[in-house]
Amino acid sequence: MKQMTYREALREGMDEELARDENVVIFGEEVAQYNGAYKVTQGLWEKWGDKRVFDTPISEAAFIGMGVGASMLGVRPVMELMFWSFHSVAFDQLVNNAANVRYMSGGQINCPIVVRGPANGGTNVGATHSHVPEAIFASMPGLKVVSPATPEDAKGLIKSAIRDNDPVYVMESTVLYGMSGPVPEDEDFTIPLGKAKIEKEGSDMTIIAHGGSVVHAIAAAEELKEKHNIDAEVVNLRSIRPLDQDTIIESVKKTNRALIVDESKPFCGVSSQLVTLIQEYAFDYLDAPIKRLCTIDAPAIYSKHIEPEQLPNQRRVVEKALELAKA
Amino acid sequence: MAKPERKQSKKDFSKDPINKDLTPDQKIALFRDMERIRRFEIVSLAEYQKGVNIGGFLHLYNGQESIAVVSASLMGDHDHMITAYRDHGHALSVGMNMNECMAELFGKIDGCSKGKGGSMHFFAPDKNYWGGHGIVGGQTPLGLGLAFGVKYLEQEGCCLCYLGDGAINQGAFHEALNMASLMDIPVVFVIENNGYSMGTTQQRSSSAPEILAQRAEGYNMAWDVVNGENIYELRVKLNAAMERARKECKPTLFEIDTYRYYGHSVADANHKKYREASEIEQYQHEHDPITTWKNVLIKEGHLNEDLAKQIQKEATKEAKDAVKFALASPAPTVEDISKDIYWEVDNNTEASKQGRYFFND
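Same order as they appear, the protein sequences are chains A and B. Those letters in the first sequence? Residues 1 to 327, per the working numbering, in order. Those letters in the second sequence? Residues 1 to 361, per the working numbering, in order.
Think of the hints as simulated: they come from the structure by calculation, not from any bench. Treat the hints with care, since some could be wrong.
Straight-line Cα separation of at most 25 Å, SDA-like style, residue types lysine to any residue; simulated pairs [claimed, not checked]: (1) B:K339 - A:P266; (2) B:K50 - A:P266; (3) A:K51 - B:Q203; (4) B:K272 - A:W45; (5) A:K39 - B:Q202; (6) A:K39 - B:K50; (7) B:K273 - A:D15; (8) A:K39 - B:A2; (9) B:K273 - A:N35; (10) B:K247 - B:D126; (11) B:K339 - A:K51; (12) B:K27 - B:E286.
Construct all of the structure, not just a fragment, from the sequences and the given hints.
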């Protein structure tokens, strides 16, 4: 294992895949000469040149659609949205074309694209730049959605996403880019899509989270153990669709209580789907109604004085977990 | 590749009807308004760098002040303004005060958007100012819509819709251009061309990069391009475009050659890598719109260095007082997060009592 940041892990994953497969190509706004708005692609243009790594104009619909079209011929585009919030500009390409082309062609055409970029709140950039759209895309059959929470996740998932023959949308986090952690050194290290990770074992409740919420869930679990003698298990989903239903259900069957921490909004968020699965497959094992801790149901507020309170945070997770423990 | 050299007009626009009746006070007001924007931005930057109150992005307007100030000086009762995220200059130009703008940057309840919008989202509908929009090009169909509204309501007016040189490559903008021309919508799309689409030069982002406004020809639309540092010229040509909209209901694509002194946003730490420091200095020393206008007014005998300094000093004080105001203003509460989402709910109407609106606990 070596220590690296989440940002470096993504970069190393892309770098290795550029080396492994000459059809992998990276493009997006400012990804090449500027080294990426968030420096995720730093150095890749210098190393790989204009053919493999290039800048696009601010034309999300055109460049995402270009990637979908090129992928039909076997090119494997890895496209950066400077923010996943800009998905709405390219929604037709991301959904109607990428998700449906295989189905509509009766399986004749594949769409092996990756679209990646940050999808998180918490940086005071206001409602238009703070969307957390995992659930929107996971609700579309034909698309895959992953959400790395750690540097290890970032490396393993970006590599699997690039190798995957379907459209994979990688939802990263600007808050996590600078976070360091251990990452396996093996060049063939990947994390399979659809496999969750139990970050911390426990017996009193299951806290399920993905992306940046995993960090809050782990911190909250530690506080619950130290201050309240509650032993929470933390499941890091890693992948939203495909979803590791087995790990979730087994954990809930073991702990009999479930808390879902989800940065998306409560209405039809990722958490809604998890609640459905748990009640469907583990209802008889539940000692209390399932609890959710989501972002407060409003557009993202700008003010840095209050935005952390709109989002999942350690204190809010602990409070909700204590409610669940008493229920 | 550096920004292409600016084309200078030799013509004297000062005697044009729109300019010759300007009183000395009005001319000084243009200078003062530009200074106010510049000082507001400089004080904002200093506050941003403290890292305490201002979060997120800060897209500064320094170098581009003449555009917003001249535009506002030409606006009548039925003229409207909408822009993207580099919006502080436009806000101050239409008469929003520094207190409400600074408090918004500080994320406070007395901000123009109650601390909900931030730097990119200043609004003042009472001053015909419709924001402040965060997504590149996203405001351009809205500008089309405001102008459609003016026409539909049978008013004689127009909408000034601003965008950067990077935004002209967004699909929504082209759809808006086509509809504006097709439907005779009184909109003036103003490209504030500062040469850089974030860190990408115009040459690397736009095909046919010589004159961006020329794309209007593909839509059978009038276009013009003007030097942003020349206030008299800008007033004459922009007014012509606004009159075309008001009187003939015809749109214009209007490009203004300008320059930004800071990065795309304060977070743009690269901005001295994708352009030479000497280029920035050259614009500051040779093409600064405020200095250029100051020199015009000194030559005309309306201004002297002492008065100019005093105006600058007053503008700095106004901005610093706005900081005090912003500091004293309270932050929004957790309860405030859930307000201003639905009109019916905020107004506690019958409709708001039917069905569940929010899905917190």
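Verification of the hints:
no. : hint            : verdict
1   : B:K339 - A:P266 : holds, 17 Å
2   : B:K50 - A:P266  : violated, 35 Å
3   : A:K51 - B:Q203  : holds, 18 Å
4   : B:K272 - A:W45  : holds, 19 Å
5   : A:K39 - B:Q202  : holds, 22 Å
6   : A:K39 - B:K50   : holds, 23 Å
7   : B:K273 - A:D15  : holds, 24 Å
8   : A:K39 - B:A2    : holds, 23 Å
9   : B:K273 - A:N35  : holds, 11 Å
10  : B:K247 - B:D126 : holds, 24 Å
11  : B:K339 - A:K51  : violated, 49 Å
12  : B:K27 - B:E286  : holds, 21 Å
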